[in-house]
Each structure stands twice: as structure tokens, then as C-alpha cells.
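From just these sequences and the hints, can you work out the full model?
Which chain is which? The protein sequence lines are A and B, in order. If you're matching positions, the first sequence starts at 1 in the numbering used here and goes up one per residue. If you're matching positions, the second sequence starts at 1001 in the numbering used here and goes up one per residue.
Don't read these hints as lab results, they were simulated from the structure. Since we're looking at a predicted model, the values are computed, not measured. One or more hints might be untrue.
Here are some chain B residues the structure puts well away from chain A; computed CB gaps all over 10 Å [unchecked claim]: (1) I1016; (2) A1036; (3) P1089; (4) I1107; (5) D1112; (6) A1130; (7) R1141.
Here are the simulated lysine to any residue pairs, SDA-like style, with alpha carbons at most 25 Å apart [as the list claims (entries may be wrong)]: (8) B:K1116 x B:E1064; (9) B:K1116 x A:V103; (10) B:K1039 x B:A1083; (11) B:K1039 x B:H1077; (12) B:K1116 x A:L138; (13) B:K1116 x A:V48; (14) B:K1116 x A:V70; (15) B:K1116 x B:D1042; (16) B:K1116 x A:R33; (17) B:K1116 x A:T119; (18) B:K1116 x A:T37; (19) B:K1116 x A:E108; (20) B:K1039 x A:L120; (21) B:K1039 x B:G1108; (22) B:K1116 x A:E106; (23) B:K1116 x A:P63; (24) B:K1116 x A:R92; (25) B:K1116 x A:E40; (26) B:K1116 x A:A19; (27) B:K1116 x A:V115; (28) B:K1116 x A:A136; (29) B:K1039 x A:A64; (30) B:K1116 x A:A10; (31) B:K1116 x A:E116; (32) B:K1039 x A:R33.
Note that beta-carbon positions come from the ideal geometry of N, C-alpha and C, so glycine has one too.
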Amino acid sequence: MIDLAALDTAVFDRLASDAAGADVRAVLGSLDRSVITAEELRQYEGQVTRLPAVPLLALRRGPAPISDRVLWLPSYNWYAYDDETVTVARLRALPALIAAAYVSFEIEAIGVISVEVSTLTPIPDRVLGLVAQPIALLFGAF
Amino acid sequence: MADGFDAIMQAIDTWIAAHERHATAGLVIGMLQVEATAKATDAYHDVTGATRAGTVGYVAGVNEERFTEALQAVVEHNPLGLASETTPPIPDGVLVGIVIVPTSYQIGLEIDLAGKRAFLNDSLQQEAPAVFQAVVAALTRVV
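Structural data, given as C-alpha cells:
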């Protein structure tokens, strides 16, 4: 079993504070304060105006199944959010920047052999009244 | 000579068809596993029963009657929630497994509040290795 808690932290910190994520933070509304967890984002339900400035990113951990007895496939989604009234151009720029941030992703105690990044078209989040774009990360790790 | 060549080509066609048949059977089994995981979720509170009853995993062009059954299940549980869109067109020559709930609000469950009630994509991610293994296991039975 890989240390998922350590991976959670490393995946989050990559964009929140690591140098490799600086280009991502540069296009966010409030730099590192606009990088939060999904759990934190949900605390703003009904009080959206108190959210960190958009564009912002919220990290949600997905399943981590095992394949072939050794290789784990942990998955994450960065939900990128922006204002509905602005163009989605800012959101569309994020997947490539995020993919670049996870190139050469290495952490202690976990061997990461691959990181695949994929994304969907921006979609309205009807609860928050913002546009969301899920950006999926799929790791191959042992 | 031509007869020999034709016989070889026919044998290859038969061999390919057998692999396609077995891979399809494996994917059907795999998508049933995805569906079972998706139906077992506790990620959302099912008010009408439409989401759980309408959750279906199937293979495009193979057992699509299961999608029709899912549509019917949504109509029975929550007719106003039936999705207006149909499933996307599938290109020829590609084997595609689909897990879906044909309600108008499923996309909201997957997206709203950073996927607070999401479960379809999670189920697919969780069972992806099992789906792969089901296809491989079926292919090993080709003789």
C-alpha cells in the first residue's frame, strides 16, 4: 500500500506552494490562497462571495485502485473555477499549465512512474454559480 | 495457390473475429462490475430512486438494451428528470464501455461543489483495473 496521505499532500503542495506550480498560481485570482481542497470549497456553500478570488483550484481525491498487485492508480481532480460572466479562456489555459507542473513529479517513499492529465469542457456549477472545469490526474505509483 | 492464400486470410479473419467476440464479452462483464460499484455508492441521497435505478454500465452497440432499460427506470421513478440528450455517437471499429445515468441532473452530481456527490467517474476509476482484467481473461480463452 502506498502512502496516500503523503501523496495527497504532495499533489496539493505542487500547485499550492512548490516552485513547479508557480506558473499555475500566477494565473489564479489570489495566488496560493486560490488553491484549496474540495472540502474547504464546500464550506463556502451559500456564501460564495467569501470564496478566495477566482480563478481558483480545489483538489478532490478520487479512487486509488491497485493493478497487477504492485502498481497503484491513485486519481485526483483539480476543479478549476471561474466567474460565469468572464470568458472561459482563463480556465482553458490551466490544464496545460497543470500538466507542466507535474512533469518530473517525485516524492519521498513513493515511486511515481506516470502522471496522465486530462480535462473536460467547462461546465456550470449550479450550486456555486461559477464555471467549473475538472482537470483529472491519474498516477501510476508503487 | 489462391485457395491456400484465401484459406490463410479466412483463418486470420476468424482469429480476429474470435478476439473481438471475447474482448466484447470481457468488456460486458467489466461494465457490469462498474455498474454494481456505481449503484452501491453512498455519495448521494437518492430522493426519487431514479439515480440508482437508472445507473447502467454497458457496451455501446452490444447490449444497448440495458441503456433503454435505464431510461425506462428513470421514467418510472422521476419522469421530469429524464435527460434530453442521448449518448454520444460511437465511431466504428472501437469498443466502448459506458457508465451513465440518463437524468438531467447527473452532471450536477458529478460537478457541483467540486464533485461532492460524484460517483460515476469514481466508479469507473475504481474498477478500471478489473475491467481490464475481465477483458484479458476473456481473451485468454480464445482458442
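To see whether the hints hold, each was checked on the structure:
no.	hint	verdict
1	I1016	26 Å, holds
2	A1036	15 Å, holds
3	P1089	17 Å, holds
4	I1107	6 Å, violated
5	D1112	4 Å, violated
6	A1130	8 Å, violated
7	R1141	20 Å, holds
8	B:K1116 x B:E1064	29 Å, violated
9	B:K1116 x A:V103	28 Å, violated
10	B:K1039 x B:A1083	18 Å, holds
11	B:K1039 x B:H1077	15 Å, holds
12	B:K1116 x A:L138	19 Å, holds
13	B:K1116 x A:V48	16 Å, holds
14	B:K1116 x A:V70	30 Å, violated
15	B:K1116 x B:D1042	11 Å, holds
16	B:K1116 x A:R33	21 Å, holds
17	B:K1116 x A:T119	18 Å, holds
18	B:K1116 x A:T37	12 Å, holds
19	B:K1116 x A:E108	30 Å, violated
20	B:K1039 x A:L120	24 Å, holds
21	B:K1039 x B:G1108	17 Å, holds
22	B:K1116 x A:E106	29 Å, violated
23	B:K1116 x A:P63	14 Å, holds
24	B:K1116 x A:R92	23 Å, holds
25	B:K1116 x A:E40	11 Å, holds
26	B:K1116 x A:A19	30 Å, violated
27	B:K1116 x A:V115	24 Å, holds
28	B:K1116 x A:A136	15 Å, holds
29	B:K1039 x A:A64	19 Å, holds
30	B:K1116 x A:A10	22 Å, holds
31	B:K1116 x A:E116	23 Å, holds
32	B:K1039 x A:R33	37 Å, violated
Taken one by one, the earlier hints fail for this structure at numbers 4, 5, 6, 8, 9, 14, 19, 22, 26, 32, listed in ascending order.
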